[in-house]
Amino acid sequence: MAIGLHDSPFKNPVIRWIDRRLPIFTMMQKEYGTFPTPRNFNYFWNFGALAMVNLAIMIATGIVLAMHYTPHVDHAFDSVERIMRDVNYGWLIRYMHMNGASMFFIVVYVHIWRGMYYGSYKEPRELLWILGVVIFILMMATAFMGYVLPWGQMSFWGATVITNLFSAIPFVGDSIVTWLWGGFSVDNPTLARFFSLHYLLPFVIVGVVFLHVAALHITGSNNPLGIEPKGPQDTLPFHPYYTIKDSVGLVVYAIVFAALVFFAPNFLGHPDNYIPANPLVTPAHIVPEWYFLAFYAILRAVPDKLGGVVLMFGAIAVLFVLPWLDRSPVRSMRFRPIAKWAFLLWTVNFVVLTYAGSQPAEGVWVTVARIATAYYFAYFLVILPLLARLERPLPLPESISSAVLRGGGPLPAGAAAKPMEKA
Amino acid sequence: MIRTLSAAALALGLLFAAPAARAAGEYDVPPPANLSFQGIFGTFDRPAAQRGLQVYRQVCANCHGLRLVAFRNLRALGLTEAQVAAIAAEYQIADGPNDEGQMFQRPGRASDRFPSPFPNERAARAANNGAYPPDLSVMTKARHYGANYIRALLTGYQDPPPGVEVAEGMHYNRYFPGRQIAMANVLFDDMMEFADGTRATAEQMASDVTTFLAWAAEPEMEQRRQMGVRVILFLLILGGLTYAVKRRVWADVKH
Ligand code: HEM
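These protein sequence lines are chains G and X, in that order. Every number in the numbering used here is 1083 more than the matching position in the first sequence, counting from 1. Every number in the numbering used here is 1201 more than the matching position in the second sequence, counting from 1.
Be a bit skeptical, because a hint or two may be false.
Unchecked claim - Residues of chain G placed beyond 10 Å of chain X at every Cβ, according to the derived structure:
1. Val1331
2. Ala1337
3. Ala1341
4. Val1393
5. Val1413
To be verified - Restraint ranges, calculated between C-beta atoms of paired labels, are given here:
6. G:Asp1169 / X:Leu1437: 54 to 64 Å
7. G:Pro1480 / X:Leu1434: 36 to 46 Å
8. G:Ala1143 / X:Gly1398: 46 to 56 Å
Stated by the list, open to error - Listing some non-contacts, in silico: residues in chain X with all C-beta distances to chain G over 10 Å:
9. Gly1226
10. Leu1236
11. Gln1284
12. Ala1290
13. Ser1317
14. Asn1329
15. Ala1343
16. Glu1366
17. Gly1370
18. Glu1421
19. Gly1429
Just so you know, these hints were derived from the structure itself, not from any lab. Note that the Cβ used here is the ideal one computed from N, Cα and C, for glycine as well.
Construct all of the structure, not just a fragment, from the sequences and the given hints.
Here is the structure:
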């Protein structure tokens, strides 16, 4: 490209002046205006946009909380309660942040589920998928450290149990734990560094989200049929079609969020976290936040500590290689009669794991957690690789438009989008 | 440090080998208290909360703090400024240092918070047979079953069933996890008189102090619910409009 001012299509003199020097308006127009988007999205395609909004909410409410919060073991608990009582609308900010974390995980779990059901992780979107898994891990780290900040009993004991997992690493484990704690127990240095990192990581997430979206705009979106758009008849410009459809989803999301914040703000939390942290009193039953329970169940399913830790981290790590475990060329489960049911069972299995994680690790729940853990891994490591060879997929439709319009149809007025370059 | 480390080890032990963890915590599920603020649009019954304040001040405050609640907050229960000032003035608050560098005691002001009965946890345990009466500021948020549990606990004292040995200094209470609690029954019929003429039965006092404590734990509850109704109504209308626009935009597209 030649050096010189950008050839801006905009007429407004101010916008044009900026756009010729820094073509961000052209870029926005290309990526969010005319961006050719498969015409057959269902509402599962709302969840990426919802996650983005949710991240913005977390950062906005978090920054206000940080203005009033005190990261010190003697003051943290009371400072959070002062936010609730003495800061104007502090209760609203705090409950939005607290329930916002739960909403974030609900949204991201659905988003991941969507990717798994419609095969969005497959060629050419592997890197896009991997960046998503990175975001998921960063989110878990952020939420874990955020949960420590109010310094309640579950904050303290959750932090103790989870950081202690690293002591399972042979030889250097104990040193690593001491290093993580900044001392010989979870104490003030731990709280201070968790606060610092809890403030930092969301911005790292923003960075990775940017890469995630950049990669998306190279490959284009997948869609419920899992076949690539072949021309303008298969796509619609992102605006107004998907801006308005995302808006519908956003309002529904906001209603669920508001119901939690205003009517059941502590429903998803644990009452013990309203007891100030006490290193001398162990809660009868230490449980993490609900969104970690499935992984917690995997951790506890193994009688050996190191084994449990390896499996728990493995449960997340396996997602990284999913694109290479599932070699079936068919993306969407709609056309995979066996994989579809294996995956739906995997979904139920995940819920079972979550429930098992909330129960004391004894009796029947140990057995349930073990069976469910086995299926969790079997799906990835055995079932998908085998099905890629054995399963006979249903015939794929000719194109998105032929499936949608059943034999083609006229292009809607104003809906003409540029053809996908690669299609 | 060693203690914390061993506590950590204990936590891990609980994690991996935990069979006994729950056995220690047998209890009866508390029945619904049916108090004014329960139910999603409930509000605090002001006279009940005021009576509860009296119960707290006359009974519970001997052992339990309420350190997050300021006297000025009591205005929300319908007390006048003068009443709040009078209540605050009954307490002595540590302040200072003064110009001579000395700490001193002065009568409370509306802006002060309820002083705790004991200077620290050790002192509290020393005065209570080794048991610690927890601060009640967020108590209804800090227990499973919330307000139902608090009310049931206060009226849940009874003679132990035959064959059950109650430990020295403990009391049988079917709603407390483990059914043995270090706090004795403290509410007895007609132990106080309410200015509004309500009869102070143990049940009545338990319900009233629970209402008061629920308010203390969630003073924002009424405002929160009112705002919630408005926000959700707004969102429902917005959702309807957005959906209508979406239908219009997509009207000419087969999908
Ligand atoms: C990825 C986005 C984020 C997630 C998932 C997240 C998650 C959490 C969670 C689960 C809590 C504990 C809530 C509770 O139980 O009280 C928390 C607390 C907190 N967070 Fe975040 N957070 C995020 C972003 C931020 C940001 C960007 C900031 C600051 C700039 C922040 C500041 C705080 C503060 C000060 C607290 C302590 C106050 C409290 O506990 O309510 N958070 N966070």
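Hints, one by one, checked against the model:
1. At the 10 Å boundary, the C-beta of G:Val1331 falls inside the reach of chain X, the nearest C-beta of that chain being 5 Å off.
2. G:Ala1337, annotated as away from the interface, has a beta carbon of chain X within 10 Å; the closest lies near 5 Å.
3. Here G:Ala1341 does not stay apart from chain X, with its beta-carbon only about 5 Å from theirs, under the 10 Å limit.
4. Its beta-carbon lying about 14 Å from the closest one in chain X, G:Val1393 satisfies the requirement of being farther than 10 Å from that chain.
5. With a closest Cβ-Cβ approach of about 22 Å to chain X, G:Val1413 is found to remain outside the 10 Å limit, as its non-interface label requires.
6. Distance hint check for G:Asp1169 and X:Leu1437: the Cβ-Cβ separation is about 32 Å, which falls outside the suggested range of 54 to 64 Å.
7. For G:Pro1480 and X:Leu1434, the Cβ-Cβ distance of about 43 Å falls inside the hinted range of 36 to 46 Å, so the restraint holds.
8. Look at G:Ala1143 against X:Gly1398: about 51 Å separates their beta carbons, and that is inside 46 to 56 Å.
9. At roughly 5 Å, the least C-beta separation between X:Gly1226 and chain G is not larger than 10 Å, which violates its mark as non-interface.
10. Residue-level check passed: X:Leu1236 sits 17 Å from the nearest beta carbon of chain G, beyond 10 Å.
11. Distance check on X:Gln1284: its Cβ is at least 20 Å (rounded) from any Cβ of chain G, clearing the 10 Å threshold; non-interface status holds.
12. Taking the minimum C-beta to C-beta distance to chain G, about 22 Å, the non-interface status of X:Ala1290 holds against the 10 Å cut.
13. Once the 10 Å rule is applied to beta carbons, X:Ser1317 is consistent with being away from chain G; the minimum gap is 12 Å.
14. Every Cβ of chain G is farther than 10 Å from the Cβ of X:Asn1329; the closest lies at roughly 15 Å, confirming the non-interface assignment.
15. Not every CB of chain G is more than 10 Å from the CB of X:Ala1343 (nearest about 4 Å), against its label as outside the interface.
16. Under the 10 Å C-beta cut-off, the non-interface status given to X:Glu1366 relative to chain G holds; the minimum distance is some 21 Å.
17. No Cβ of chain G approaches the Cβ of X:Gly1370 within 10 Å, the least distance being about 18 Å, so the stated non-interface status holds.
18. Residue placement check: X:Glu1421 does not keep its beta carbon more than 10 Å from all beta carbons of chain G (closest about 4 Å).
19. Distance to chain G contradicts X:Gly1429 as a non-interface residue, since its nearest Cβ pair spans about 3 Å, not more than 10 Å.
The structure is inconsistent with the numbered hints 1, 2, 3, 6, 9, 15, 18 and 19, although it conforms to all the rest.
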